[in-house]
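**Student:** Please build the complex by placing chain B on the supplied structure of chain A, with the hints as guidance.
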Amino acid sequence: MFKQNQGVTSSPKSRLLGFATLLGLITLFVFAFFLTDPDVRLHPTTGEEIGQFDAVRLLYLHVPMAIIGPYLAPLVGAVASVGYLIKRTPWWDVTAHAAIEVGAIFCGLVLVQGSIWGRPVWNTWWEWGDVRIMTTLILFLMLLSYLALRRVVADEHKQARRSAIVALVAAVNLPIINRSVEWWESRTLHQKSTLSELKIEDLTFFTLMMGIVVFLMLFTWLVLHRFRLGWLEKESLKQEALTAIEERRAEAATNEEETS
Amino acid sequence: MKQFMHDLLLVAKKDLRIEIRSRVIINQVVPFAILVLVLFGFALDADQKTLRTFSPGLFWIAVLLSLLLAIQRSVSLETVNDSLTGLKLAGLSPVAIFFGKSIAIFTQIVFLELLLTGGIIIFYGSVIEDPALWVVAGLVTALAVSVTGTLYGALASGLEVRETLLPILLLPVLAPVLIGATKAYSGALGETVSNGWQWTGLLSLFALIAATLGSLAYGVLVEE
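Respectively, the protein sequence lines represent chains A and B. Heads up, the first sequence is in this note's numbering, so the first residue is 1 and it goes up one at a time. Heads up, the second sequence is in this note's numbering, so the first residue is 261 and it goes up one at a time.
Next comes chain B alone, as it looks inside the complex:
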């Protein structure tokens, strides 16, 4: 168990260190996420009240689109120089690699969520009315999308059409998460009277199933 945790943190730290040094998240993914929020504003041509009403959904769409970039980035880290083989040869278990990479993506998504929350407060005039629900739903959703994204990133890796295939594979699976997270944030941002905690419970169940399936399937995928 100690070795497993060590390996897991090693992979997570490696990915995060590369991200911090390369600054791809800061220079590309963050501006992209904010751009999406701004584009929604242009497209809807709406006043702040309308944007605020739809802000939970728009927020999570921006997160999911940014997630795609983060996953592509995470996959390319392992495919360049075939470093995944290196990790396997170093004796790291596939489950530890899976959770390590998931934690790295989770950290990036949480960082993005914080920034985008600032974005919807500034651009759409949203107000956090239930901070506890906002934090818990945000973390649980980040976990759900990270583990699912890591699994599907591995599924699409090494294929010629990875960039176009990944959204087709991943977004239908994440559609229930989008619904649940939007409902939970509608409650947290006080836009509708929805049972946000119940939706957060469903999101937790999704995260649990995705993590279990992902950890089992990742070993099959990396054995190639």
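Next up, chain A with everything else stripped away, as it sits in the complex:
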């Protein structure tokens, strides 16, 4: 277990995880950008080459990030927030903060990277009518507002309680993002889930699965470090308060001695 008094955010196990994640990322990049084929198909009637071409390679990063940023991270944040509201211990609060902060980064990256992918494939940087983009954007803004609330100087418990509620409200959006392409089928350029129906195969499928595993490792590593940083921040604040109290006591004792 992580030793709080070390003053660092790493441990032998987390370093091992970090190293494995780095190796995984390098392997993923090799598979995604060199070993897999571009998406090229022939039009059934005209015989013209169609598909996503090299842009499809971005999906090996986009799909794993889209699983973590708008789903897993807010879900972990919401579960930890419920944990805080029940247990009222800082562990849950720091966990929720860590997961949501890392999730916000992933969510932002999903939107940016999706936009870069959309330019050659959909011929647009941004599609206002797409429900999945809209719901993801709204969630991203909610995560940012959560982080804004965390930055406000307030009593520790007050801040934790309020943040937990914001995280839970944001989590209501999760099933809507997930189901949006089914509920508003005509209002999205996103395709329905192909992973669950296994419509993709061979090396493409393997690379995609590897991407999900590697990004899950990256998410775990980042959350672990952010959690430890958050915990150290709390400890440091506590220590500062204790030192200030000690100083006041010493000051009062000196004054008493002088007057007597």
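Since the hints were derived computationally from the structure, they do not count as laboratory data. All C-beta atoms in this analysis are idealised placements derived from N, C-alpha and C, irrespective of residue type, glycine included. Incorrect hints may appear among the rest.
Ranges between beta-carbon positions, derived for each pair [as the list claims (entries may be wrong)]: (1) B:Q458 with A:L22: 28 to 38 Å; (2) A:D54 with B:L374: 36 to 46 Å; (3) B:Q288 with A:A20: 56 to 66 Å; (4) B:V298 with A:S236: 25 to 35 Å; (5) A:R179 with B:L299: 34 to 44 Å; (6) B:V421 with A:V40: 48 to 58 Å; (7) B:S343 with A:L22: 53 to 63 Å; (8) B:F302 with A:T27: 55 to 65 Å; (9) B:L374 with A:S115: 54 to 64 Å; (10) B:D342 with A:S236: 40 to 50 Å; (11) B:S282 with A:T124: 47 to 57 Å; (12) A:T124 with B:L299: 22 to 32 Å; (13) B:Q458 with A:D54: 38 to 48 Å; (14) A:G108 with B:E483: 43 to 53 Å.
**Tutor:** Then chain B, alone, in the frame of chain A:
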């Protein structure tokens, strides 16, 4: 239940009485809302036809911006002299306080909607083509924004940066309401052939979820 309704109406009446006496809504929020409508006209530099096409969206943006002022006002009523503690000490349940304050904001928003509808009819030349949809969508949206606003007002209350924090917290949550209400009013004002009733149904679902979550969370917030 009788006691709950009594407490709820007591809080709502208190807030509305203060608003009527202080005239902040009439003197500040209403002119602000109309100013927003007029500014849209200046900014878009458009003829009435263009403004009429966008009137549902512009209408609801004006409502949401005015809502922020109403929420700030509602929160400040309880923070000055720490009157929220007074309400709690008087034995009022947090759920009753939550719904009481929501009803007060709901009343103000409905009043604003009526005025702003007059505004878009006069300034933008809009015409209400489906009065039933206009009334129902207006009421449901007012309910959705009131309960959400009351919850987020409590979330931001007592913090040093409340004025800047509240819009950041509240507006992303209300973004789906803006979309739904705009679609519903597009149908009601005959600007597009949209299924306004279906959007109103979605707004009702949002209002229901927000009211449930809000009533549960408000107790946690006011226990401080």
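**Student:** For each hint, tell me whether it holds in the structure or not.
**Tutor:** We went through each hint and held it up to the structure:
no.: 1; hint: B:Q458 with A:L22: 28 to 38 Å; result: 49 Å, violated
no.: 2; hint: A:D54 with B:L374: 36 to 46 Å; result: 56 Å, violated
no.: 3; hint: B:Q288 with A:A20: 56 to 66 Å; result: 59 Å, holds
no.: 4; hint: B:V298 with A:S236: 25 to 35 Å; result: 52 Å, violated
no.: 5; hint: A:R179 with B:L299: 34 to 44 Å; result: 38 Å, holds
no.: 6; hint: B:V421 with A:V40: 48 to 58 Å; result: 53 Å, holds
no.: 7; hint: B:S343 with A:L22: 53 to 63 Å; result: 56 Å, holds
no.: 8; hint: B:F302 with A:T27: 55 to 65 Å; result: 57 Å, holds
no.: 9; hint: B:L374 with A:S115: 54 to 64 Å; result: 41 Å, violated
no.: 10; hint: B:D342 with A:S236: 40 to 50 Å; result: 32 Å, violated
no.: 11; hint: B:S282 with A:T124: 47 to 57 Å; result: 49 Å, holds
no.: 12; hint: A:T124 with B:L299: 22 to 32 Å; result: 30 Å, holds
no.: 13; hint: B:Q458 with A:D54: 38 to 48 Å; result: 41 Å, holds
no.: 14; hint: A:G108 with B:E483: 43 to 53 Å; result: 34 Å, violated
When the structure is compared with the earlier hints, violations turn up for hints 1, 2, 4, 9, 10, 14 and for no others.
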